[in-house]
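**Student:** With the numbering used here, you'll find the sequence shown wraps up at 316, consecutive numbering, no jumps.
There could be a bad hint or two in this list.
[What the hints assert, rightly or not] Straight line, CA to CA, 30 Å or less: simulated DSBU-like cross-link-like pairs of lysine-lysine:
1) Lys276 to Lys300
2) Lys164 to Lys269
3) Lys191 to Lys229
4) Lys269 to Lys284
5) Lys292 to Lys305
6) Lys284 to Lys191
7) Lys158 to Lys191
Think of the hints as simulated: they come from the structure by calculation, not from any bench. The structure displayed is predicted, hence computed values, not measured ones.
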Amino acid sequence: MSIGFRVFTQRELPTADVINGFKTIPAANIADCMGRLSAMNCRIRRMTAPAEQNMVGVALTVKARPGDNLMMHKALNMIKPGDILIVSNEGDSSQSLMGEIMVAYAKSQGIAGIVLDGPMRDLDTIYAMGVPVYATGHTPGGPFKEGPGEVNVPVACGNIHVMPGDIIVGDSDGVIVIPKHDAAKLLEEARKFSANDHAKLVAAQTGKADRSWVDKALAAKGCETIDAVYPG
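Let the hints inform the model, and build the full structure from the sequences given.
**Tutor:** And the structure:
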């Protein structure tokens with residue numbers, strides 16, 4: 085087996101109803117149900133037009149050599165509807181990894197989104213193409229096509245571990261990763277959390293939010309409140 089230059093053709097995937105259940109829940113609410121440890125680094129941000137629903141799908145992972153997209157092209161040949169291309173690029177920012185031709189082809193195959201731990205190009209045309217694309221930035225400098233690399237292996241993208249078949253959720257805040265084996269249970273928790281969060285929002289908007297927790301938390305941590313002017 086050629087470790088470092090190989091392609092796995094199969095993935096274990098969660099069920100469609102679990103995947104689709106995350107489409108209307110804010111990424112922040114889901115992340116809060118995961119100990120706030122599932123969000124990709126903020127350098128990976130959405131480069132395309134906002135959408136009414138979350139970007140949601142399953143990870144098709146690529147471990148790419150910095151500045152090289154040969155294995156991304158192999159992954160494009162493997163896309164199935166609902167996939168989200170997740171590309172590890174070792175955080176390199178010297179070359180763009182993808183442009184409008186690759187995104188257009190990915191769209192034709194039913195891709196649900198693209199997340200690059202590196203730059204993209206052709207920003208103006210891709211922006212309104214209808215495919216959510218997240219990247220670290222953009223540059224006209226194109227990629228090389230030399231390899232090596234791997235497809236459908238564990239990767240790190242935006243400082244977060246991603247397994248092939250994990251559920252990926254993205255909105256205007258950024259991208260989070262949901263381990264596929266935790267997804268069904270998490271969906272139930274996230275739905276409850278989101279409903280509770282909305283109730284908090286309504287209370288905040290009407291000035292009825294209970295703020296007593298702040299003083300309780302400060303007191304528990306030993307903060308002293310002094311009813312006087314600072315003696316300066």
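**Student:** Of the hints stated earlier, which fail here?
**Tutor:** Of the numbered hints, just 6 does not hold.
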